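> Chains A and B, in that order, are what the protein sequence lines are. 1 is the number of the first residue of the first sequence in full-length UniProt numbering; add one for each residue after it. 1 is the number of the first residue of the second sequence in full-length UniProt numbering; add one for each residue after it.
Hints in this document: simulated from the structure, not taken from any laboratory. Wrong hints could be hidden among the right ones.
From chain A, some residues computed to sit far from chain B (all C-beta separations above 12 Å) [stated by the list, open to error]:
1) 10
2) 96
3) 120
4) 383
5) 469
6) 471
7) 520
Pair by pair, the computed Cβ-Cβ distance ranges are [as the list claims (entries may be wrong)]:
8) B:120 to A:33: 53 to 63 Å
9) A:251 to B:194: 54 to 64 Å
10) B:136 to A:169: 52 to 62 Å
11) B:128 to A:41: 54 to 64 Å
In this text, all values refer to a predicted model and were calculated from it rather than measured experimentally. Beta carbons: idealized from backbone N, C-alpha and C, even for Gly.
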Amino acid sequence: MLYEELLEKIDDQFLSKDKQSTISVCVAAGCLALGSDKVLEELKRIFPDRKVKGVGCLGLCSRGTLVRIEPEGFVIEHAKPDNIDEIVNFIQNPEKIGDENKKFYEKQQKIVLKNCGKIDPESIEEYILNEGYKAFLKCLNELSPDEIINEVIKSGLRGRGGGGYPTGLKWSTVAKMQSPIKYLVCNADEGDPGAFMDRAILESDPHRIIEGMLIAAYAIGANRGYVYVRAEYPLAIKRLKNAIKNAERFNLLGTNIAGTTFNFNLEVRLGAGAYVCGEETALIASIEGKKGTPRPRPPYPAESGIKNYPTLINNVETYANISTIINNGSGWFASIGTDKSKGTKVFALSGNIKNTGLVEVPMGIKLYDLIFEIGGGIPNDKEFKAVQTGGPSGGCIPSEYLNTPVDYESLVHLGSIMGSGGMIVMDEDTCMVDMAKFFIDFCKSESCGKCAPCRNGTVQLYEILDKITKGEGNERDLTTMVKIANTMKKTSLCGLGQSAPNPVLSAFKYFKDEFYEHVLHRYCPAGVCKFNGGNR
Amino acid sequence: MKIKTFTIDGVELSGREDQTILEVAREHGIKIPTLCHLEGLTPIGSCRICIVEIDGKRFAPSCITKVEDGMKIVTNNSEITEYRKTILEMIFAERNHICSICIANGNCELQNLSIELGMDHFEIKNQYPRCEVDLSHEKYGIDHNRCVLCARCVRVCAKIEGAHTKDISGRGHNARIITDFARGWGEAETCTGCGKCVQVCPTGALFEKGKPVGARKKRDFLNYLKIMRGQ
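Start from the sequences, fold in the hints, and give me the full structure.
Put into structure tokens, the structure is as follows:
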């Protein structure tokens with residue numbers, strides 16, 4: 001089946017209505033929580049002759065509920081069900097809508113989020129009409145598995161889960177394994193506090209993930225796949241399951257896909273809420289039905305994964321890049337970004353920042369541009385203090401380094417990591433000791449308990465930081481803190497333990513004075529920690 | 001089978017490709033301290049005491065890392081000792097390890113390890129958790145106050161005896177050794193009462209009632225395990 005033949009399968013009603021002006025209401029989790037489903041229903045009733053549809057994340061989550069009107073391209077903010085009259089007024093007079101957040105949209109470059117906020121995530125037809133499954137059918141009909149892997153290698157795409165391992169290299173390793181059965185896994189166990197990229201992609205454009213996985217499966221010769229989603233994402237799970245059902249209906253999943261001999265079955269597996277299950281070997285154990293604890297590598301999953309068969313594991317965002325790479329060519333993709341980090345990256349902006357939400361920017365963008373231009377800066381005229389990248393596995397970056405380009409190497413050099421893309425901005429009212437305590441507390445409850453340094457180190461670090469925030473710490477505690485943190489970093493079994501001390505070490509590196517103020521003068525510069533007997 | 005050549009502490013050595021660094025080191029009389037490792041049991045590399053430095057840039061547990069051509073392995077330097085000591089200190093602080101009132105005093109691998117590494121005191125905070133003592137089994141008992149979660153008992157029960165009575169439940173510092181579905185050991189239907197778990201326990205956590213640990217824990221039993229597994 002060619003892409004043109006796939007297009008013919010689509011019912012006429014989708015073609016005719018799409019040409020009219022459209023009103024798109026965001027029905028991703030954030031806006032939905034504010035009642036966007038009611039807004040959608042009301043608008044459908046009020047404008048029966050226009051196309052009114054629910055779409056995925058429009059990005060500027062802090063101004064939800066968002067309604068976008070086409071062809072003008074304006075976005076109505078704060079479109080809550082209570083002020084439906086105002087919304088109707090704006091739709092009838094689009095010129096009245098301000099464009100104060102122009103910078104937020106203009107500075108972005110969308111590859112992964114191309115369809116987010118444009119198509120109805122529950123409709124496979126809309127996805128197909130927007131070049132959906134074109135790349136997969138091109139692969140199936142025109143390209144050999146080797147050619148596909150070469151395209152991915154040439155594109156320079158690196159894993160978007162945080163580590164930044166070259167995707168093409170991973171694919172070719174699994175492709176070379178001789179095995180009658182191979183597995184493909186999509187890691188959607190997004191657990192970092194402040195990160196919601198994967199959720200938004202699954203909620204807004206689930207077919208993009210399925211298409212990326214199909215291409216990968218064809219390239220490496222896998223016939224079975226799992227999407228491992230955390231159970232806390234009910235909407236993402238619902239839309240993904242719906243998408244799988246629809247893809248099967250169009251013969252894009254299952255047996256004899258698109259009239260060829262290629263078979264691929266995709267299943268959704270739910271995580272039970274353990275953060276460590278985002279680590280690939282723990283994730284495999286969980287899919288197998290075992291307790292989610294990591295095991296030593298090697299052997300790597302590429303060699304021995306699910307049920308000891310070769311297994312390819314990629315992150316949601318990594319798969320989301322694949323179809324565009326095939327459609328536009330690896331050269332085009334490699335022209336975006338920096339020397340070693342290609343393409344774009346989706347970030348979830350949160351914390352003390354005006355424009356909380358989802359953004360996609362080319363690699364190498366300056367942190368300053370991301371936080372102050374797109375993010376709109378710090379609200380309430382406060383000073384910027386630091387930004388935490390990579391969640392509990394990453395570190396904080398102070399204002400001196402705002403000129404740093406966002407790429408894998410630069411962030412590691414600063415003692416942080418790219419991570420999956422959570423970006424928590426902190427203003428002057430944040431106490432860095434308290435912040436470090438928060439993240440180590442998270443790791444303490446998420447440590448699986450298998451290896452001694454992580455199981456005990458997280459507890460000890462928490463105790464020390466807790467002491468310091470209560471004004472009971474001394475200088476010796478700081479020495480012990482660094483000693484334990486270094487031991488964890490060097491000797492822990494998996495990525496969780498190795499990176500758990502990062503927030504502590506980076507906060508201590510860049511905000512040493514603040515730690516010493518706490519232990520020497522019982523004084524919290526940010527005024528967060530409440531000591532017995534008050535500050536000082 | 002391929003033979004690999006590498007150096008351990010500057011000495012050129014060779015080993016089979018399926019051998020771990022620890023195995024080769026022990027063959028040549030090079031001492032690497034261990035805790036969770038036990039010859040004859042599947043290694044899991046969880047205690048991290050046996051870490052060595054490889055090629056001057058990374059640290060890996062020698063009990064599960066296979067030898068490779070050209071590896072430059074260092075088994076002991078000041079950095080390694082500091083990490084080992086810190087890990088050991090934290091293991092001591094985790095539960096209630098008070099040697100003077102322990103039935104394993106003088107016959108304890110944890111105690112021996114602290115002597116070996118020269119750890120005579122520690123400054124980190126003792127956790128003093130409230131832990132249970134399960135004496136419901138007619139012959140054996142488990143004292144969680146002395147457990148180091150090495151999972152030797154879990155492995156010997158599952159892989160050698162084939163009963164899989166024991167396992168670990170809970171996460172992080174809440175992890176505990178359990179019998180069957182976290183029932184009392186006396187009610188565990190799968191337990192055969194073989195006592196292998198008691199034999200392999202490095203501390204006084206698992207013991208036979210009415211007997212001092214020195215009389216019950218026969219270390220030559222460990223070689224017997226190795227023979228049983230045909231290794």
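> Compute the least Cβ-Cβ separation between residue 469 of chain A and chain B, then decide whether it is above 12 Å.
Residue 469 of chain A is indeed farther than 12 Å from all Cβ atoms of chain B, at 15 Å.
> Confirm or reject: residue 520 of chain A is not an interface residue toward chain B, with every Cβ-Cβ distance exceeding 12 Å.
At roughly 19 Å from the nearest Cβ of chain B, residue 520 of chain A sits farther out than 12 Å, so the non-interface label holds.
> Is the claim that residue 471 of chain A lies outside the interface with chain B correct, judged by CB distances over 12 Å?
holds, 16 Å
> Taking 52 to 62 Å as the stated bounds, is the beta-carbon spacing between residue 136 of chain B and residue 169 of chain A within them?
The hint (52 to 62 Å, Cβ to Cβ) holds, given that residue 136 of chain B and residue 169 of chain A are roughly 54 Å apart.
> That 54 to 64 Å hint for residue 128 of chain B and residue 41 of chain A (C-beta), does it hold up?
holds, 58 Å
> Should the label of residue 383 of chain A as a non-interface residue stand, given a Cβ cut-off of 12 Å to chain B?
holds, 35 Å
> Are all beta-carbon distances from residue 120 of chain A to chain B longer than 12 Å?
holds, 40 Å
> Non-interface claim for residue 96 of chain A: all C-beta distances to chain B beyond 12 Å?
holds, 54 Å
> Take a quick look at residue 10 of chain A and tell me if its Cβ sits farther than 12 Å from every Cβ on chain B, holds or violated.
Nearest chain B Cβ is 48 Å from residue 10 of chain A, so the label holds.
> Go ahead and decide if the range 53 to 63 Å is satisfied by the Cβ distance of residue 120 of chain B to residue 33 of chain A.
holds, 57 Å
> Is the distance from the Cβ of residue 251 of chain A to the Cβ of residue 194 of chain B consistent with 54 to 64 Å?
holds, 56 Å
Going down the numbered hints, you'll see the structure goes against none, and every one checks out.
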